[in-house]
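S.K.: Chain by chain, the residues:
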Amino acid sequence: MSISTTRTISIPPGLAIAPQLPDLLRPVKIRRGFLGFLRNYPTVAIGGALLLCLVLIAIFAPYLGTVDPTALAPARRTRAPSAEFWFGSDMLGRDIYSRVLYGTRVSLTVGLSVATLATLAGLAIGLVSGFVRWADGIIMRFIDGLMSIPPILLAVALMAVTRGSVGNVIVAITIAEIPRVTRLVRSVVLSLREQPYVDSAVTSGTRTPMIILRHILPNTMAPMMVQATYICASAMIVESILSFIGAGTPPTIPSWGNIMAEGRALWQVKPFIVFFPAAFLSIAVLAVNLLGDGLRDALDPRMAKNL
Amino acid sequence: MSGPLLQVNDLKKHFPVRGGMFSRKAVVHAVDGVSFEVARGETLSLVGESGCGKSTVGRAILRLFDITAGQLVLDGQRIDDLPPGSLRSMRRRVQVVFQDPFSSLNPRMRVRDILAEPIRNFGLAKTSAELEAKVAALMDTVRLPRDALNRRPHEFSGGQRQRICIARALAAEPELIVCDEAVSALDVSVKAQIVNLLQDLQQQFGLALLFISHDLAVVEHMTHRVAVMYLGKIVEMAGRQQIFTAPKHPYTRALLSAVPLPDPGAARNPIILKGDVPSPINPPSGCRFHTRCPSVFDRCRIDEPELRSTGDGQWVACHLEAVPEKSGPAL
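Protein chains in written order, with the working numbering: chain A, 1 to 307; chain B, 308 to 638.
Note that these hints are calculated values from the structure, not bench results.
It should be emphasised that the depicted structure is a prediction, and the values quoted were computed from it without experimental measurement.
For each residue, glycine too, the CB sits at the ideal point set by N, CA and C.
There may be inaccurate statements among the hints.
[What the hints assert, rightly or not] Interface residues of chain A toward chain B, partial, derived using beta-carbon atoms under 10 Å: (1) Ser113; (2) Ser148; (3) Gln195; (4) Pro196; (5) Val198; (6) Ala201; (7) Thr206; (8) Arg207; (9) Pro209; (10) Ile212; (11) Arg214; (12) His215; (13) Pro218; (14) Thr252.
Kindly produce the complete structure, drawing on both the sequences and the hints.
M.R.: Below, the structure is given as structure tokens:
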């Protein structure tokens, strides 16, 4: 005699068994290691790869088939893209390909320097503002005042009182970007200060500098990194705008904004002069923003699995 | 080493509320004249509804802010006016376990470093080997595996995190632990485990607990004495038996009658209080409970009752209990 292990249940007529539901959420697969991290967050991978390409272009610009980006060739002005001039030549006969590649250096230098400097300065001011209550009112009113001026206008004004150089462009954009970081850091610090683990650290006898270093700073890092990428992107755009309107990088240095400014008059007849630097600027900003969006997801404390 | 471990005398904490630029400054009377004592090895529970100031009392004792008025005396020493330097060494003796086990632990620190922080700060271990041994012993004490030391808080469940919080509190070798709603965020089964753990630790180390809670079932299970707070004041304070079997203050009675019973068929006659808790910005005159008290009479609206002993260690702030010999009007 065999014992049936499965019993068939008679289904009353009119009653259908619900079909197997598909999994609404795919199981989250956590991959470990650096490559696993990139596969978990493809936007970080794409943005990072694009940015890496641009960095390599900037570093190895002299070895990528370029010629002197400032060499004039009046006889061969405004040539269309060809084997000789890959991206064409401008109205002074300079090779646009070389100029765009060298321009990458300016944009990345400005973007990365401004992101670093503005983040560090904003971090310091924001920490003081969040911890020293009496200074908070003064600092924040000053920051509000700075924020009431459009950043580009502020940068133009700052450039107007200094000489045009890449260094001055960096300083001007940094000053214009500091308020954003400061406000972010201050708000993060104020919310972190109320965290029970900070109170616990106080009752555990931890001194205030150590509380900032051990409990506050590490927890501001994630939003700071995300903010830094947005500032980097914004700085590259502002740098181009400043150069475009002639208030930024001096025209002797090839930067994307300068190339576009020079090609502006010929836009209707020779659009390639503006097109290539504009395309590079777009790609650079896109890369940095993708990286920022990806980092925002990856560093979200509610999804702290990879930290 | 005689006398109470902690004495709180007429503690007041007022928070200024900033209105708009042109509005009058208001003051929240979060705690308005609270006095009690905690003996060594004793559990005193502070109960009351949300916003009655019980957590503020706990945070004042932890010296997380400066108090408005009153005295805090720990083991015969005033701690409310200590300069920061001497306050730090005092902090070791009073530790805290907070309600939310998810935000009480720094998400970026390993359990090992979380537990080592108070030990290092208070210089409780001379060598790194001693530190390591102490940290490991703490894990044993709260019944967590030692190999969990290298993990970060997000890898633990709520109950396990609360054990880590308790271990951190114990790391400072305190005499008093303020449990601010320490089990309120936990599931019933986990809650029971943590309550039992706290009781065991109290036995083992002779700890005093200030147990701040709104969960009367847990309070009844583990406390020695209970202080009932309403709108920043203690309305009744007594031993567990007296509070739960013979509450005297009308508010305590209402609070106890609101406790859900496990037997659905049991006869209950809950005292339903009307209205909301008045604003602590502008507390009622006289007895603060008079706006909702079922047995209110004229005197309550003018005259504020003081917390008076009715014998047997029971203290009540109610005009009905003004003359202990003469029995008050039947409620």
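S.K.: With reference to the structure, classify each hint as holding or not holding.
M.R.: Hints, verified against the model:
no.	hint	in the structure
1	Ser113	violated (28 Å)
2	Ser148	violated (18 Å)
3	Gln195	holds (5 Å)
4	Pro196	holds (4 Å)
5	Val198	holds (8 Å)
6	Ala201	holds (7 Å)
7	Thr206	holds (6 Å)
8	Arg207	holds (8 Å)
9	Pro209	violated (13 Å)
10	Ile212	violated (13 Å)
11	Arg214	holds (8 Å)
12	His215	holds (5 Å)
13	Pro218	holds (5 Å)
14	Thr252	violated (48 Å)
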